[in-house]
Amino acid sequence: MELTWIILLVVAPMFAGIATVCLRGHVMAQRIVGLASLTACVMMSLSWLVALQPSGIFVQQIGGWSAPYGISVIFDSLSGVLIVAANIVGLAAYIHSFGSIRPKTEKGWFHPLFHLLMMGVNYAFLTGDLFNLFVAFEIMLMASYALLCISATREQLAQTYKYVILNLIGSTIFVLGAGLMYGMMGTLNYADLARLVAESVSVGTPLPTGFFAVSVMLVCVFALKAAVFPLWFWLPDTYHTSPIAICALFSGLLTKVGIYAMCRLYPMIFAAPGVREMSDNWLPTVLAYGAGATMLLGILASLPLTNIRRILACVLVSHMGYLIFGVVLLTDASMSGTLYYMAQHMIVMTALFLCCGLIEIKAGTDDLSKIGGLCKGSPWLGTMFMIAAMSLVGLPPFSGFYGKVLILGEGIRIGGVTNWSLTAIGLLTGALTLLVMAKVWSLAFWSPSKSIRSSESYPSPKLLKAQTTPGYIAVGILVIASLAIGLGAGPTLRVTDGATANLSQPTSYVNAVFQDIVFPPDAAALLERVHGDHADADDSHAVELHEETTR
Amino acid sequence: MTLLLSICVGVIFAVSIYLLLGKELKEVAMGVFLIGHGANLGILAMSGSPFMNVGGSIVPKGPPILGTGQQMVDPLPQALILTAIVIGFAVVAFLLTLLVATYRRTQELWIDDLAGDGKAMFLIDGAETKGKRAA
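Chains as they are written, first to last, in numbering that gives the first Met the number 0: chain A, 0 to 550; chain B, 0 to 134.
With the rest of the complex left out, here is chain B (with noise of 0.2 Å):
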C-alpha cells in the first residue's frame, strides 16, 4: 500500500515538474494545482499503512475514534492534509483569478509574450517606466 502510495507521489511530481516547465501559464497553474496533490498524498503515504496483521490475515485499521479499543491510523497526518488541501484551494482559486485578471488585461497567458519579449533579468535603463509609478 505504502509502496503504491510512492509511486503515485513519484508520478504526480514528474507530471506536474513537467507542465510546471510548460511556456503557457494555464499549464504551470495545473502544475502548481497537482504538485500540491502529490505532496498531499505524500503525506498519506508518510503516515504508515491502513492495514495492519492479525494472526496472518491483513485487516484494516479502525478509524481514530476515542473507546473503539481498536488499533486505530494516526489522524494526524489527514489533519495535515485537510489543511493543506484547505491552503491549496485558496492558493489554486487565487492563481486562476489571476491568470483570469491577466488575460482580461494583455490578452495573453504565454510567459514570454507576458515578460515583454525574453528581456534580461536586470533592466538597467528605464525600460519599465510605463504604468508603475505608484506615487
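The following block holds chain A by itself, in its conformation from the complex (with noise of 0.2 Å):
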C-alpha cells in the first residue's frame, strides 16, 4: 500500500531539531516544540500501526523514484512496533530531562540534539535499504556522540572517545560492506537483494563469491552496536558519566537499533531459506556462541557492581543476548517473542534508567551501599521501580514473561546441544536477574536508611518537587505501556506475528516495495549473468540488470 506520510516520522524530529537551534535560549519554548514532536511521532506510528493490521505493508518512494533505483522508506509491522516503542521511550526520556539535567546542559545543545538523534532512530527503523541504513545509523551516531559529552566533564570526554572511535570503525566496515554488497549483488535494496537471493536459491546458481564475507562483516557491524558478546565493553562503561535522561535514552534505543537490522535482514538474505543451511555457514554457530556468552557473562558482571547505573548497563548488555537467540533461531515463534521482547526490553530499561535517576535525586548518589530505606520517603517510585524490575526478569503478569517464554520455548523445541544450553544459560540469566534486582531494590529501598548527607545538603523540598515530578510522569508512561503491552500481550503478539510473517516470507514484502514492478519471465537468466564470473569487473552487470529489468 502506498502511503504518502510515512516519511514525517523522520521530518518531525528533524523540524524539531532545526526548530529547538533557532529557539536556543528559551527552553520552555524549546520543550513545547519537542514534546509537540514525539507526541506527533507516537500518535502517526500508533495509528499506522492500527491500520495495517492484520499484514499491510507501508510503502513510500521518496521524490517518486520506482523502488530499486529510488529511496524507499517502509512502514511494516517490524517498523511499527519498534518506531512506537522508540518513540514512547523518547517521549519519556524527553519529559524525564525536563527535571533531571542541569539547566547549563539544557540551554546548550540537548535539545537540537536529542531530536536529531530520533529523527535518525526512526529513519533506521524506517528505511529499506542499506545504504540509507549507513545513513541513518551515522545521523543517531553523530547526535549521540555530541550527547555523551554534553557537560564536557573529564570522565565524559575520556568515555566519549571509547565510544567514538569504536563506533567510527563499526560504520567504516560498515560502509565498505555495503559497496562490496551493491558490487556482488548490484542493489541495495532490502527487497531486491532478498529477491535475489531466493532466485539464486530457487535457480541454484551459487551465490557470489564473497557474499558470506561480507554478511559477516554487517552481521559484526550490527553486533557491535547492539553490544553483543565480544564487542560489548565499551557500553557498561559509556553510560554512566552522562546526564540520566540521555543514559536512559541511549539504553532504550541505540542497542536495538543494532538488533533492529539484524532482525530484518538476517532471515530475509543473510540466514534465508537454503543461505542457512550451507555447509560453511558458520555464521549461526558464532551468533549462537555470541548469545549465551553475551546473557552469562554480562549478568555476572552486574553480580559485584554497587552502581545502580552500572548494574542496570550490564543486565541490559545480558538481556542483548536473548533477543540474538532469538534471531539466530530464526523460527516464526523465535522471531516474534525477539520483537515483543525488544520493545518491552526498550521501554522496561528505559524505565528502570529513569528511577535510578530518580533516586539519585533523592538520594543524590546512585551507589548502593550509600542509600536505603527510600521506600518510606517514596513508595510509588519503590513500587514503579519493583514493577519494572519484575518485568525485566520475566514474571508471569508482567511483559518480559511472553517474549522469553516464546523465545525459549523455541529453543527447547528445537533441540540440540547448542540450543539446550542456551536455554538453559537463558533461565539462569533469568534467575541471576531477579537476584540482582531484587538486590538492588532491598538495598535501595527496603534496607534501613542511612544517613549519609548532611541534612543542608538535600535538596528543599519545593526544588525536589520541581526536579521530580516530570520524572515520575515519566516512568508512570513506561510503567503503564510495559502493563499494557503485558495484559495486553494476546493483540500485541498477533502484531509481532504479523511482521515475522514477513520476515520468514520476504514475498509480500517484495511484492509492496516493488509496486507496479513486473520481473521480465527471463530474471533467472539475469540473475545467472550477475552472479556468474564478476571478476572481470569491466563491464557494469547491475546497470545492464537493472536497465533490462525496467525494459
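No lab work stands behind these hints: they were computed from the structure.
Watch out, some of these pointers could steer you wrong.
Among the chain B residues that face chain A by a calculated CB cut under 8 Å, a handful are [stated by the list, open to error]:
1) 13
2) 41
3) 46
4) 64
5) 75
6) 86
7) 93
8) 95
9) 100
10) 105
As a list, the in silico PhoX-like pairs of lysine-lysine whose alpha-carbon atoms are at most 20 Å apart [as the list claims (entries may be wrong)]:
11) A/161 with B/22
12) A/438 with A/361
13) A/438 with A/369
14) A/361 with A/464
15) A/461 with A/361
16) A/161 with B/25
In silico negatives: residues of chain A with every beta carbon more than 10 Å from chain B [unchecked claim]:
17) 54
18) 159
19) 423
Only a predicted model underlies this, so the values are computations on that prediction, with no experimental measurement involved.
Each residue gets a CB set at the ideal place from its N, CA and C atoms; glycine is no exception.
If you follow the hints, you should be able to join the two separate chains into one complex; please do so.
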C-alpha cells in the first residue's frame, strides 16, 4: 500500500531539531516544540500500526522514483512496533530531562541533539536499503557522540573517545560492506537483495563469492551496535557518565537499532532459507555462542557492582543475548518473541534507568552502599521500580514473560546441544537477573536508611518536587506502557506475528516494495549473469540488469 | 587498475590500523581519518574497472551521462562514496573538535593519562564521583 506520509516520522524530529536550534535560550519554547514532535510521532506511528493490521505494508517511494533505484521508506509491523516503542521511550526520557538535567546543560545543545537522535533512530527503522541504513546510523551516532560529552567533564570526554572511535570503525566496516554488497549483487535495496538471494537459491546458481564474507562484516557491525559478547565492552563504561535522561534514552534505543537491523536482514538475506543450510555458513553458530556468552557474562558482571547505573548497563547487555538467541533460532515464534521482547526491553530498561535518575535526585547518589530506606519517603517510586524490575526478570503477569517464553520455548522445541544449553543459560540468566534486581530493590528501598548526607545538602522540598515530578510522569508513562503490553499480550503478539510472517516469507514485502514493477520471466537468466563471473569486473552488470529489468 | 586500487586499499588499512592502535589521540584521529578513505577507495575498486576492451585496444568508459550512447561507468558507487566522504568529513570535524576541547579541559592527549592511570574497566567503588552528577 502506498502511504505518502511515512517520511513525516523523520521530518517531524528533523524540524523539531532545527526549530530548537533557532529557539536556543528559550527553554520553555524548546520543550513545547519537542513534546509536540515526539507526541506527534507516537500518535502517527501508533495509528498507522493499527491501520496496517493484520498484514499490510505501507511503502513510500521518495520523490516518486520506483523501488530499486529510488529510496524506499517502508512501514511494516516490524518497523511499526519498534517506532512506537522508540518514540514512547523518547517521550518519557524527554519529560524526565525537564527535572533531572542541569539547566546549564539544557540551555546548551541538548534539545536539538535529542531530536536529531530521534530522527536517526526513526529513519533507521523505516529505511528500505543498506546505504540509507548507514546514513541513518550516522545521524543517530553523530547526535549520540555529542550527547555523550554534553557537559564536557573529564570522565565524559574520556569515555566518549572509546565510544566514538569504536563506532567510527564500525561505520567504516559498514560502508565498506555496503559497497561490497553492491558490487556483488548490483543492488542495496533490502527487497531487491532478498529477491535476488531467493531466486539464486531456487534456480540453484551459487551466491557470488564473498557474499558470506560481506554478511559476516555487516553482522559484526550490527553486533557492535547491539553490544553482543566480544563487542560489548564499550557499553557499561559509556552509560554512567552522561546525564541520566540521555543515558536512559541510549539504553532504550541505540542497542536495539543494531538488533533491528539484524532482525530485518538476517532472515531475509544473510540466513535466507537455503543460505542458512549451506555447509560453510558458520554465522549462526558463532552468533549462538555470542548470544550465550552475552547473556551469562553480562549478568555475572553485574553481580559484584554497587552502582545502580552500572548494574543496569550490565543487565542491559546481558538481555541483548536473548534477542540474539531469538534471531538465531529463526523460527516464526522465536522472531515474534524477539520483536515483542525487544519492544518491552526498550520500555522497561528506560523505565529502570529513569527510576535510577529519581533515586539519584532523592538520595544524591546511585551507589547502593550509600542509599537505603527510600521506600519510606517515596513508596510510588519503589512500586514502579518493582514493576519494571519484575517485567525485566520476566515474572508471568508482566511483559518480559511472554517474550522469554516464546524464545526459550522455541529453543527447547528445536533442540540440539547448542539450543538446549542456550536455553539453560537463558533460564539461569533470568534467575540471576531476579537476584540482581532483588538486591538493588532491597538495598535501595527496603533496607534501613543511611544518613550519609548532611541535612543541608538535601534539596529543599519545593526544589525536590520540581525535579521529581517530570520524572514520576515519565516513569509512569513507561510503566503503564509496559503493563499494557504485558496484560494485552494477546493483541501485541498478533501484531508481532504479522511482522514475523513478512520476514520469513518476504514475498509480500518484496511485492509491496516493487509496487508496479513486473519482473521479466527470464529474470533467472539475468540473475545468472550477475552472479556469474564477476572477476572480470570491467563491465557494469548491475547497470545492465537494472536497465533490462525495467524494459 | 582494480588490482592497483585493491593494493592501495590494503596499504591504507594497514597504516590506519597501526595509527588507531597508537596511544596518542592525534594518531588515533588520523587513523580514523585514513580508514574512512580506505573504505571509500574500496567501494571504488568494487565498482569495476573504468576501462574496457574494444577490439583489442583498451579505452576508458564514458561518464555516466544519459544519451551519450557509450558504455558508461557505474555511477552509483560514486554517489555512495560522495555521501560517505561528506559524512566522514563531518565525523572528522567532530573528532578534531573533541580533541581540542579535551586538550583545553585536561591538557592531555594521551589515552592512558585521560583514562586515569589505567583504571580497571569496572570501577566497583565510587571512584568516578568527581564532576559526574547531572541531576
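How the hints compare with the structure:
This hint is violated: residue 13 of chain B has a C-beta 14 Å from the nearest C-beta of chain A, more than the 8 Å allowed. A least Cβ separation of about 5 Å between residue 41 of chain B and chain A falls short of the 8 Å threshold, and the interface hint therefore holds. For residue 46 of chain B, the shortest C-beta to C-beta distance to chain A is roughly 6 Å, which falls under 8 Å, so the interface hint holds. At its closest, the beta carbon of residue 64 of chain B sits 13 Å from a beta carbon of chain A; the interface hint therefore is violated under the 8 Å criterion.
Below 8 Å, beta-carbon pairs count as interface contacts, and residue 75 of chain B has one with chain A at about 7 Å; its hint therefore holds. For residue 86 of chain B, the interface hint holds, the least distance from its beta-carbon to any beta-carbon of chain A being 5 Å, beneath 8 Å. With a cut of 8 Å, the hint placing residue 93 of chain B at the interface with chain A holds, because the nearest CB-to-CB distance is about 6 Å. Look at residue 95 of chain B: its Cβ only gets to about 12 Å from chain A, farther than 8 Å, so that hint breaks.
Here the hint on residue 100 of chain B is kept, as its CB sits about 6 Å from the closest CB of chain A, short of 8 Å. A cut of 8 Å between beta carbons decides the hint on residue 105 of chain B: the least distance to chain A is about 6 Å, and the hint holds. For the hint linking residue 161 of chain A to residue 22 of chain B, the alpha-carbon distance of about 12 Å falls within 20 Å, and the restraint holds. Straight-line distance between C-alpha atoms of residue 438 of chain A and residue 361 of chain A comes to about 19 Å, which keeps the hinted pair within the 20 Å bound.
As the CA atoms of residue 438 of chain A and residue 369 of chain A are separated by approximately 14 Å, the hinted pair is consistent with the 20 Å bound. Taking the CA atoms of residue 361 of chain A and residue 464 of chain A, the gap is near 10 Å; set against the 20 Å cutoff, the hint holds. Note on residue 461 of chain A and residue 361 of chain A: the hinted pairing holds, with a Cα-Cα distance of about 12 Å set against a maximum of 20 Å. The straight-line distance between the Cα atoms of residue 161 of chain A and residue 25 of chain B is roughly 14 Å, inside the 20 Å bound, and the hint therefore holds.
Consistency note on residue 54 of chain A: stated as away from chain B, and its beta-carbon is indeed over 10 Å from all of that chain's, at 32 Å minimum. With a minimum CB-CB distance of about 7 Å to chain B, residue 159 of chain A fails to clear the 10 Å threshold, and the non-interface call is violated. Annotated as non-interface, residue 423 of chain A keeps its C-beta farther than 10 Å from every C-beta of chain B; the closest such distance is 26 Å.
The structure fails hints 1, 4, 8 and 18 (numbered hints given earlier, in ascending order).
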